[in-house]
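Q: What follows is the residue order along each chain.
Number of protein chains: 2
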Amino acid sequence: MGLITPQKQQQHRAVSNTNHFTGYCPSPFKTLAKKSPLSHSTVTQFDRWLVRKMVDVVGNPPVRISLWDGVEVTPYCKNPLAIMIYCDRAALFKTILDPELHWGDLYCSGRVVFEGDMAGFMQAIFLGISGKDKISRLRKTVLWLGHRSIFNSFDQAKENIHHHYDIGNAFYKLWLDEEVMQYTCAYFPHDEMTLEQAQLAKLHHVCRKLALKPGDSVVEAGCGWGGLARFMARHYDVKVTAYNISKEQIKFARHRAEEEGLSDKVEFVLDDYRNIHGKFDVFVSVGMLEHVAKHDYQELGQVIRSCLKKEGRGLIHSIGRVVSGPMNAWIERRIFPGACPPTLSEMMQIFEPNNLATYDVENIRLHYSKTLQMWSERFEQHKDEIVEMMDEEFVRAWSLYLYGSLAAFNVGELQLFQVVFGHVENNKIPRSRQYIYEADKNLGHPFHVT
Amino acid sequence: MGLITPQKQQQHRAVSNTNHFTGYCPSPFKTLAKKSPLSHSTVTQFDRWLVRKMVDVVGNPPVRISLWDGVEVTPYCKNPLAIMIYCDRAALFKTILDPELHWGDLYCSGRVVFEGDMAGFMQAIFLGISGKDKISRLRKTVLWLGHRSIFNSFDQAKENIHHHYDIGNAFYKLWLDEEVMQYTCAYFPHDEMTLEQAQLAKLHHVCRKLALKPGDSVVEAGCGWGGLARFMARHYDVKVTAYNISKEQIKFARHRAEEEGLSDKVEFVLDDYRNIHGKFDVFVSVGMLEHVAKHDYQELGQVIRSCLKKEGRGLIHSIGRVVSGPMNAWIERRIFPGACPPTLSEMMQIFEPNNLATYDVENIRLHYSKTLQMWSERFEQHKDEIVEMMDEEFVRAWSLYLYGSLAAFNVGELQLFQVVFGHVENNKIPRSRQYIYEADKNLGHPFHVT
Numbered sequence: 001m002g003l004i005t006p007q008k009q010q011q012h013r014a015v016s017n018t019n020h021f022t023g024y025c026p027s028p029f030k031t032l033a034k035k036s037p038l039s040h041s042t043v044t045q046f047d048r049w050l051v052r053k054m055v056d057v058v059g060n061p062p063v064r065i066s067l068w069d070g071v072e073v074t075p076y077c078k079n080p081l082a083i084m085i086y087c088d089r090a091a092l093f094k095t096i097l098d099p100e101l102h103w104g105d106l107y108c109s110g111r112v113v114f115e116g117d118m119a120g121f122m123q124a125i126f127l128g129i130s131g132k133d134k135i136s137r138l139r140k141t142v143l144w145l146g147h148r149s150i151f152n153s154f155d156q157a158k159e160n161i162h163h164h165y166d167i168g169n170a171f172y173k174l175w176l177d178e179e180v181m182q183y184t185c186a187y188f189p190h191d192e193m194t195l196e197q198a199q200l201a202k203l204h205h206v207c208r209k210l211a212l213k214p215g216d217s218v219v220e221a222g223c224g225w226g227g228l229a230r231f232m233a234r235h236y237d238v239k240v241t242a243y244n245i246s247k248e249q250i251k252f253a254r255h256r257a258e259e260e261g262l263s264d265k266v267e268f269v270l271d272d273y274r275n276i277h278g279k280f281d282v283f284v285s286v287g288m289l290e291h292v293a294k295h296d297y298q299e300l301g302q303v304i305r306s307c308l309k310k311e312g313r314g315l316i317h318s319i320g321r322v323v324s325g326p327m328n329a330w331i332e333r334r335i336f337p338g339a340c341p342p343t344l345s346e347m348m349q350i351f352e353p354n355n356l357a358t359y360d361v362e363n364i365r366l367h368y369s370k371t372l373q374m375w376s377e378r379f380e381q382h383k384d385e386i387v388e389m390m391d392e393e394f395v396r397a398w399s400l401y402l403y404g405s406l407a408a409f410n411v412g413e414l415q416l417f418q419v420v421f422g423h424v425e426n427n428k429i430p431r432s433r434q435y436i437y438e439a440d441k442n443l444g445h446p447f448h449v450t
Numbered sequence: 001m002g003l004i005t006p007q008k009q010q011q012h013r014a015v016s017n018t019n020h021f022t023g024y025c026p027s028p029f030k031t032l033a034k035k036s037p038l039s040h041s042t043v044t045q046f047d048r049w050l051v052r053k054m055v056d057v058v059g060n061p062p063v064r065i066s067l068w069d070g071v072e073v074t075p076y077c078k079n080p081l082a083i084m085i086y087c088d089r090a091a092l093f094k095t096i097l098d099p100e101l102h103w104g105d106l107y108c109s110g111r112v113v114f115e116g117d118m119a120g121f122m123q124a125i126f127l128g129i130s131g132k133d134k135i136s137r138l139r140k141t142v143l144w145l146g147h148r149s150i151f152n153s154f155d156q157a158k159e160n161i162h163h164h165y166d167i168g169n170a171f172y173k174l175w176l177d178e179e180v181m182q183y184t185c186a187y188f189p190h191d192e193m194t195l196e197q198a199q200l201a202k203l204h205h206v207c208r209k210l211a212l213k214p215g216d217s218v219v220e221a222g223c224g225w226g227g228l229a230r231f232m233a234r235h236y237d238v239k240v241t242a243y244n245i246s247k248e249q250i251k252f253a254r255h256r257a258e259e260e261g262l263s264d265k266v267e268f269v270l271d272d273y274r275n276i277h278g279k280f281d282v283f284v285s286v287g288m289l290e291h292v293a294k295h296d297y298q299e300l301g302q303v304i305r306s307c308l309k310k311e312g313r314g315l316i317h318s319i320g321r322v323v324s325g326p327m328n329a330w331i332e333r334r335i336f337p338g339a340c341p342p343t344l345s346e347m348m349q350i351f352e353p354n355n356l357a358t359y360d361v362e363n364i365r366l367h368y369s370k371t372l373q374m375w376s377e378r379f380e381q382h383k384d385e386i387v388e389m390m391d392e393e394f395v396r397a398w399s400l401y402l403y404g405s406l407a408a409f410n411v412g413e414l415q416l417f418q419v420v421f422g423h424v425e426n427n428k429i430p431r432s433r434q435y436i437y438e439a440d441k442n443l444g445h446p447f448h449v450t
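Going down the list, the protein sequences come from chains Y and E. Using the numbering used here, you'd call the opening residue of the first sequence number 1 and step up by one each time. Using the numbering used here, you'd call the opening residue of the second sequence number 1 and step up by one each time.
Honestly, I wouldn't trust all of these hints.
For chains that are exact copies, the list does not tell them apart, and a pair is met inside one copy or across any two.
What the hints assert, rightly or not - Cut-off 30 Å, straight-line C-alpha distance, at most; resulting in silico cross-link-like pairs (DSSO-like, lysine-lysine):
id, residue 1, residue 2
1, K78, K310
2, K428, K78
3, K428, K310
In case anyone wonders, no lab produced these hints; they're calculated from the structure.
I would like the entire structure built from these sequences, with the hints used as guidance.
A: Structure follows, in structure tokens:
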């Protein structure tokens, strides 16, 4: 099962240890069923056949499933990670029609009841599907059917970002790190790091790769709550101009910068990255590319090309993929509208047509697994508060999103790329990457050593 | 002028200090002209206009040019890097028709006489052309005209490799490093390293990236003279199966392995990489991809996919480009038949369609500048021997190739990519690249630390 976390193992045991799964009598289902809005329609042999077929197609994940009569269809599953109830026939049919899109909605609205290890279940599905060539083709079709084309105009981009980031800073504060409030992959060079330490390590890693030196001018595209911008200003003594189209985030970022006495060093601009102007020593963007439509990559590269000084250096940090394809349809529609993680070759469309050379690519996928594991744990701890703040459906949706993402990074369905680049003719680039890995006190600026 | 080496500066001064360029009297041309097979045809105003136009189109490189009457056409050039004489009208016309292809041939056959800093001249041309958008289009057309499609069948591949590598090992021995006879980019983490040290450092760098551990099985595609294969076997205690289609190189490699008592650890196979079979912990290929046609990349990826164990890791080291396009036509025809350095996005066609994830990309272009500079210096030192071994024309061709390549890496026309990869679902990958940069004695095997 790959990376099963201690927490998940506990859940796993919790489900297995009930011992209700040994016979045909589905007691836990009955308990759950009592709380669930079950349909009164009669379950047919065809319904059961459909479930068995569906389970087979996705590689027989270790989950026990019952229908709206409370009777198990998959009692042969010996060590289930979870139990699942389909509360009505339409829910079953919708899942079969487009599992990627509908299953999430059905789970969130309570028409599919799920209890157990969500991340483990998702991981089993990913692995079950990827092992089958035929299913790959089926899956591609389904992905394509469930997916809408992404054309992020200025207004659409604003709307998409508003959907995800303007939910309320209070919500994100509950489960992101308390230090720099980073909603992107952390960096764990040492296993025992806390989320707070790992987010700071990520920011240092980015700054080192960029070889920041005092007085540098930095432009940041998509600055989130301004954590990186303020960090760079404080620890590397640079001047930052940071762009974001999320009102809530910019407000928060400005407030924090004032509190921390950094207002003269960091300017937060409520605007689209496409409106960046001026010349900078450094371009940086952490976790924005996921929101940029692929057909806009070349334009993003033009923006970089024109705002980066001759000897400037840049870094883009983004979720990516190995095999090109649309984002999971449900996540794209319900959580992250407009999201589309690129493959490395797709990312190159930013750089290559604009004569920008790639110096360094690092794939830190497993760091995102660890980050998501920590986020999920914190999310679970604050579940009750979040239900009160939002509602049950919202909590189910975000749990699914967090656990689904965790599974996707665990199995390599998603990757995390950090790409360092500069103008092709720039010869002031460090010969070795050694400097990135030197101890803090030795932080040099090899980009400027001739 | 970017990276002008001390050697080049000396040449530069040597040309400038003659003081023959201050007036209209082209004494150095006359001296040179005496030795050159000048045409008796009358030089016309149109001939002169053509030269001026040509020089203007390529960005006015600092070179003084005369035609077959010995009179300078470009006396306005104040600090020339070199002097050049067109010995007949056809040579001038051919240059204008397809400079990339014909200039090299004309220089080699002595119909264009060139004296001075060849690398500096090439670099000036690269920079002069790249600054002009219109020329880019013109250049693309010319490149396309001068270029032949590359379809490397098994037989063609053999023929191409024979052309370049079976010239005679004695020739390469004269100017490559004496330690491991590497005909690929060296690695200079420290400026003051010798070529020998830097080639060893390159091999270590590759082995570290691959996190070799004793007993690993390694397959090498395109093993050259077997330097890396023997190095891995000796220093990392691994078992290597190394493929190459160059008879001369395989003969040399086997002989050396026997001499060094490594025959039981290294098997050299005279065969195409497409015939690799078996399962290995490690796949490595240094400097072979340049000889693989782009439409064969996906097939190469299939070979890797099927020969790499589930938790195996791979590395490809290759010359690359930022902007896609064919190889310089002259080099492709006369020196390196079938050569086509890819962009990073083109390289991804090996990995992405085959579900291989990229962990790490490093661009060490400037290391190739330094390597080529050292090769050129050694080549110059052994010029007389090489003339005797081959002939004048061969020496001119190889000088042009080495200096042209040096210029191409200096200006970023060519890049050098090292890509580390593995199966997408492999979670036994090191979390940090720190281990690559640790001191020798601490060499760990983080791929295997769980």
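Q: Look at each hint and say if it fits the structure.
A: Outcome of the hint check:
In this homomeric assembly, K78 and K310 come within 30 Å of each other (Cα to Cα) only across copies, at 27 Å, whereas the closest approach inside a single copy is 63 Å. For the identical chains of this complex, K428 and K78 are inter-copy neighbours only, at 28 Å across copies versus 61 Å inside a copy, given an alpha-carbon limit of 30 Å. Proximity of K428 and K310 under a CA criterion of 30 Å is satisfied intra-copy only: 10 Å inside one chain copy versus 39 Å between copies.
Consistency with the previously given hints is maintained throughout, with no hint failing.
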